[in-house]
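There are 2 protein chains.
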Amino acid sequence: MSRIEVIPVPGIPEVKQGADLGVLILEALRENSLSLEEGDVVVVKQKVVSKSEGQLVRLSEVVPTPAAKKLAKREGKDAKLVEVILREAVRVVRAGHGVIITETRHGFVCANSGVDQSNVGKGLVALLPKDPDASARRIRGELEAASGKRVAVIVTDTFGRPWRIGQTDVAIGCSGIAPLVPYAGKKDKFGYHLRVTEPAVVDEIAGAAELAIGKLNGIPAALIRGVSYTRGEKKLKSIIMPPSRDLFR
Amino acid sequence: MSRIEVIPVPGIPEVKQGADLGVLILEALRENSLSLEEGDVVVVKQKVVSKSEGQLVRLSEVVPTPAAKKLAKREGKDAKLVEVILREAVRVVRAGHGVIITETRHGFVCANSGVDQSNVGKGLVALLPKDPDASARRIRGELEAASGKRVAVIVTDTFGRPWRIGQTDVAIGCSGIAPLVPYAGKKDKFGYHLRVTEPAVVDEIAGAAELAIGKLNGIPAALIRGVSYTRGEKKLKSIIMPPSRDLFR
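If you're matching them up, the sequences are chains X and A in order.
Those letters in the first sequence? Residues 1 to 249, per this note's numbering, in order.
Those letters in the second sequence? Residues 1 to 249, per this note's numbering, in order.
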């Protein structure tokens with residue numbers, strides 16, 4: 001049990017390829033009279049991570065395949081955009097009602113392979129980072145080197161979910177924080193052994209950051225202070241459901 | 001953009017049927033030198049709501065049908081428990097690997113119809129509230145009447161999700177807060193029209209509360225302060241995906 005603060009970090013300038021996000025975040029914190037504390041979790045939105053890694057595609061330079069053209073026509077989408085979506089996917093999970101749900105090369109199941117036209121500028125689309133866990137580790141390294149504090153970093157994106165309208169922000173990469181809290185084997189106050197409970201704290205932190213940041217003001221980072229989490233090097237990748245256990249393949 | 005605080009509310013006694021949860025929460029707040037402020041969101045865990053509404057079943061009194069016995073055997077579960085799960089379900093969505101995913105009478109797709117053995121006492125299981133939106137409205141009424149402040153209430157439960165290991169807390173009922181923030185039609189800073197973005201803030205708040213509360217210390221409520229949300233009477237029920245739009249039926 002702990003009181004938690006979720007603090008948006010405004011003032012980060014438009015991110016260019018090669019930008020050192022850790023440095024930009026620390027500068028913005030300083031401008032807001034904030035500094036990192038031991039154990040802070042820094043949430044960074046996927047879009048700026050992708051920009052810093054050059055994961056942008058100019059749609060005018062994309063030549064769609066016949067398969068992309070066909071799917072685009074069926075779902076009422078731009079064929080060049082669908083081509084990019086298919087290139088980022090290992091399979092189309094579902095398509096219908098103008099929505100294309102794919103499994104990305106990372107193993108994420110999400111709309112449009114995470115390819116996104118918002119907040120990137122005219123004619124461009126942003127892809128997901130190639131290895132979001134590595135992105136988180138790199139940003140964490142930059143933050144820890146410059147601040148001398150041990151922190152965790154979560155890279156987040158906005159995903160829909162089946163059976164419910166609306167989206168929530170979830171973790172797509174993490175570093176310095178165990179993605180799950182393992183309660184299995186622990187007892188409740190009546191002595192009952194909890195069996196399967198493993199809260200995905202990285203996803204809950206991702207959502208909490210979104211609450212504070214919103215979508216329209218171009219703020220790409222938040223500081224979460226007071227969460228009691230397990231330090232560790234487990235990757236976000238480790239909580240992707242393996243096909244052998246996946247009831248929804 | 002806003003700084004958010006997530007404050008656990010300890011000190012609520014074991015909840016009995018007929019308990020006035022609003023009063024219990026206000027008393028616990030007072031003991032913690034806290035009081036409600038205009039616009040606060042109060043998160044209440046499903047378990048205490050179910051207890052206050054008498055939604056408990058004694059397993060020794062349940063007689064399983066042959067169908068429940070068969071499914072229980074296949075998934076390695078207790079037949080009486082499976083009987084209760086099936087009574088709460090309109091259909092079994094998936095079963096395998098010892099997991100039973102159902103659609104509940106409310107339309108939620110979740111493990112075990114939300115029927116849960118933890119934190120209820122030996123031999124008992126808790127069902128979901130019959131109408132969690134009504135539960136939230138009732139608790140909100142109690143809180144507003146006693147405090148004179150306008151607040152929102154979210155009733156939450158812990159759900160798994162496809163394709164990812166681990167669970168997050170999500171909203172199963174709400175009152176006084178619009179479940180989604182509609183960004184559709186709004187422009188990003190480059191002038192791009194956002195099209196489908198509708199963050200499910202009630203679910204993000206549910207997860208944020210879980211981060212502060214945890215699972216083992218018997219704290220059934222949290223206060224979330226500083227979230228900018230839209231007041232309104234839309235129910236959580238309104239964000240359940242209608243079958244006609246559901247790609248995962």
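One or more of the hints may lead you astray.
[Said to hold, decoys possible] Subject to a maximum C-alpha distance of 25 Å in a straight line, what follows is the list of computed DMTMM-like cross-link-like pairs (lysine to aspartate or glutamate):
no.: 1; chain 1: A; residue 1: Lys186; chain 2: X; residue 2: Asp78
no.: 2; chain 1: X; residue 1: Lys235; chain 2: X; residue 2: Glu75
no.: 3; chain 1: A; residue 1: Lys77; chain 2: A; residue 2: Glu31
no.: 4; chain 1: A; residue 1: Lys130; chain 2: A; residue 2: Glu31
no.: 5; chain 1: A; residue 1: Lys77; chain 2: X; residue 2: Glu103
no.: 6; chain 1: X; residue 1: Lys130; chain 2: X; residue 2: Glu5
no.: 7; chain 1: A; residue 1: Lys130; chain 2: A; residue 2: Glu233
no.: 8; chain 1: X; residue 1: Lys234; chain 2: X; residue 2: Glu75
no.: 9; chain 1: X; residue 1: Lys186; chain 2: A; residue 2: Glu233
no.: 10; chain 1: X; residue 1: Lys149; chain 2: X; residue 2: Asp188
no.: 11; chain 1: X; residue 1: Lys189; chain 2: A; residue 2: Glu31
no.: 12; chain 1: A; residue 1: Lys187; chain 2: X; residue 2: Glu75
no.: 13; chain 1: A; residue 1: Lys73; chain 2: X; residue 2: Asp246
no.: 14; chain 1: X; residue 1: Lys189; chain 2: A; residue 2: Glu198
no.: 15; chain 1: A; residue 1: Lys70; chain 2: X; residue 2: Glu142
no.: 16; chain 1: X; residue 1: Lys189; chain 2: A; residue 2: Asp116
no.: 17; chain 1: X; residue 1: Lys187; chain 2: X; residue 2: Glu198
Source of the hints: derived by calculation from the structure; they are not laboratory data.
Quiz item: Out of the numbered hints, which ones does the structure contradict?
Solution: 2, 3, 4, 5, 6, 8, 9, 10, 14, 15
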